[in-house]
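From first to last, the protein sequence lines stand for chains G and Z.
Position in the first sequence (first residue = 1) + 15 = our numbering.
Position in the second sequence (first residue = 1) + 229 = our numbering.
No wet-lab data here; the hints were simulated from the structure.
Among the clues, some could well be false.
Stated by the list, open to error - List time: in silico DSS-like cross-link candidates among lysine-lysine, alpha-carbon distance up to 27 Å:
1) Z:K276 to Z:K487
2) G:K58 to Z:K247
3) G:K58 to Z:K487
4) Z:K426 to G:K58
5) G:K58 to Z:K428
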Amino acid sequence: MRLTEDHHDFRSSVRHFVDTVVNPHVDEWEHDGAFPAHDLFPKAAAVGLLGIEYDPAYGGLGADHSFQLVACEELGRLRSAGVGMAIGVQSMMATPSLAELGTDAQKTEFLAPAIAGTAVAAIAVTEPDTGSDVARLRTRARRDGDDWVISGRKTFITNGTQADWICLLARTSDEGGYKGISQILVPTTTPGFSVSRRLTKLGNHASDTAELVFDDVRVPVANTIGEVGRGFQQQMQQFVVERMYAAYVTVGQCDRALEQTRRFALERTVFGGPLASKQYVAFRLAELQAQVDLLRSHNRQTCEARIAGEDITRMASVAKLTAGRLVREVADTCLQFHGGMGYVEETWTSRFFRDARLASIGGGADEVMLQVLARLDGLPA
Amino acid sequence: MKIVVCVKFAPDSTAPRKFSSDDTVDRVSVDGILSELDENAVEEALKIRESAASDAEVVVLTMGPEQARTAITKTLQMGADAGVHVVDDAIHGSDSIASSRVLAAALERTGFDLAVCGMASTDGGMSVVPAMLAERLGVPQLTMASEVKVDGTAVTIRRDGEVATETVEATMPLVLSVTDAANEPRYPSFKGIMAAKKKPVEELTLGDLGVDAGEVGSAAAWTTVESIEERPARTAGTIVTDDGTGADQLVAFLAERKFV
């Protein structure tokens with residue numbers, strides 16, 4: 016897939032947004048443990064970041080997936096993975112099912128303000144006892160007339176303390192397993208909804224992460240996305256988009272990290288010459304950049320397949336698995352080559368190192384990706 | 230209201246810049262962009278259009294090689310309505326006097342209520358073209374505005390000088406130049422990028438403007454560049470080791486160069 020002048024221009028705009036609107040504030044947000052989503056998202060929306068592929072009737076750009084790829088690569092250059100992730104949740108994790116399967120009324124009420132950045136969205140799947148094994152989730156929505164009455168707990172919810180609405184995955188029948196699960200739109204102003212805890216994490220400090228409680232939360236059955244009982248399958252498709260976010264953003268993160276480390280290695284003098292003149296250092300940096308280039312190529316091929324309407328489950332899983340491992344290796348190497356300075360908080364490598372760790376856990380852990388791939392290869396994993 | 234913004238295609242100030250063999254700024258083989266200070270001019274024009282009581286149009290005017298089209302494209306992506314590009318081999322090497330001759334002729338051809346310029350170009354940096362345009366066109370000039378207010382055809386600016394802040398007012402048609410303090414230029418959105426493809430850009434030659442080739446270009450320039458030398462490579466500098474007389478050595482160093 017070759018990118019055009021339009022992609023290049025859009026990339027410049029997103030880079031400008033990252034450099035001038037976001038990056039100057041991330042140190043403060045990292046320190047505060049949250050970024051002001053209601054202030055930042057309308058600015059992200061003005062560039063077009065929150066509804067790239069969505070219907071212009073709801074404020075989307077109506078562009079194809081390749082512009083999403085470009086946007087994510089640039090969001091990877093953000094000096095805080097947490098802020099990029101929060102934008103990713105809004106645009107590629109909490110909203111794809113709604114955009115694809117939602118009714119006009121649902122899209123008007125929930126999608127349009129999310130695209131405009133006036134409403135903050137979150138996706139709630141994981142529960143205190145249920146992470147990767149999604150089919151074990153226990154949050155229950157019982158039908159009462161035209162309403163769902165929801166009870167349960169969700170955890171590790173990005174944007175959770177600031178969200179205006181939540182794309183909730185809940186059990187709507189007693190069939191068990193992956194059957195009888197539905198995706199339900201829940202406004203956070205609904206009585207019975209509460210944020211029980213804001214979680215302190217290893218990294219992604221600028222992004223708020225919450226544990227949520229649903230205590231007899233009553234929302235209309237009309238808030239169900241797509242088909243009642245098909246939520247598991249719908250969420251699996253939504254996860255595919257989420258994986259592409261992770262894979263695309265990794266390329267931007269690694270490009271920036273390797274650029275900065277190359278520059279450092281050229282300037283830093285050690286044993287009578289620049290650090291970069293040591294063959295080990297130069298070769299390691301070259302090899303990691305080569306791996307980033309391979310991921311970039313794979314991402315673009317996956318992007319092309321998605322635009323063509325092909326099933327990209329396998330390609331997206333390969334991308335996510337590769338990205339998670341690669342960004343951790345790049346972060347570790349960049350920190351190592353900065354030596355003691357790499358370990359102090361004032362050097363960018365520290366934050367990058369701790370933020371990168373999530374890449375192999377969030378959005379489908381490495382082991383889940385391997386399970387998907389093993390099963391696709393016919394192995395009984 | 231017709232607002233015409235004069236913009237320049239200048240070498241990217243963050244990339245390596247060089248000169249051509251005829252000692253003119255190389256605008257062809259280097260990365261060129263819309264001169265950053267002209268973004269403020271475009272932004273001001275767009276703001277005036279957006280707050281105008283009646284229909285207003287923003288046309289962007291540039292002169293320069295084919296590549297200068299990218300500067301126009303950027304302004305159309307920001308929201309300008311149309312572009313005018315004066316392309317003619319004879320323009321090459323024009324000084325600011327000749328540039329103002331071409332731009333004034335183009336402004337007369339397009340017509341304008343407000344001609345807006347940036348405070349300076351990021352390459353030449355002379356800040357003289359707005360005044361020259363006003364003189365050639367016989368209209369008032371409101372230059373170096375850090376704040377602009379438009380009320381009907383009356384324009385009032387605030388000019389922050391080194392010793393005083395002036396308020397200057399004039400009536401359209403006029404030439405306005407704005408500083409980088411006047412506003413925060415917008416960046417093209419995706420919608421702007423797509424919309425720009427459908428906006429008209431007119432290409433004109435000197436002939437179209439009735440400007441004689443002999444009036445412009447290197448040969449007509451009022452100044453000539455006799456030679457260009459590269460800046461000498463940085464030297465290692467002086468390192469003062471403090472052996473108890475460090476402060477004295479620093480003072481002597483600065484005094485010798487008349488800094489203290």
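These are the hints, each one checked on the structure:
1. Z:K276 to Z:K487: 47 Å, violated
2. G:K58 to Z:K247: 37 Å, violated
3. G:K58 to Z:K487: 49 Å, violated
4. Z:K426 to G:K58: This hinted pair holds, its Cα atoms lying about 24 Å apart.
5. G:K58 to Z:K428: 25 Å, holds
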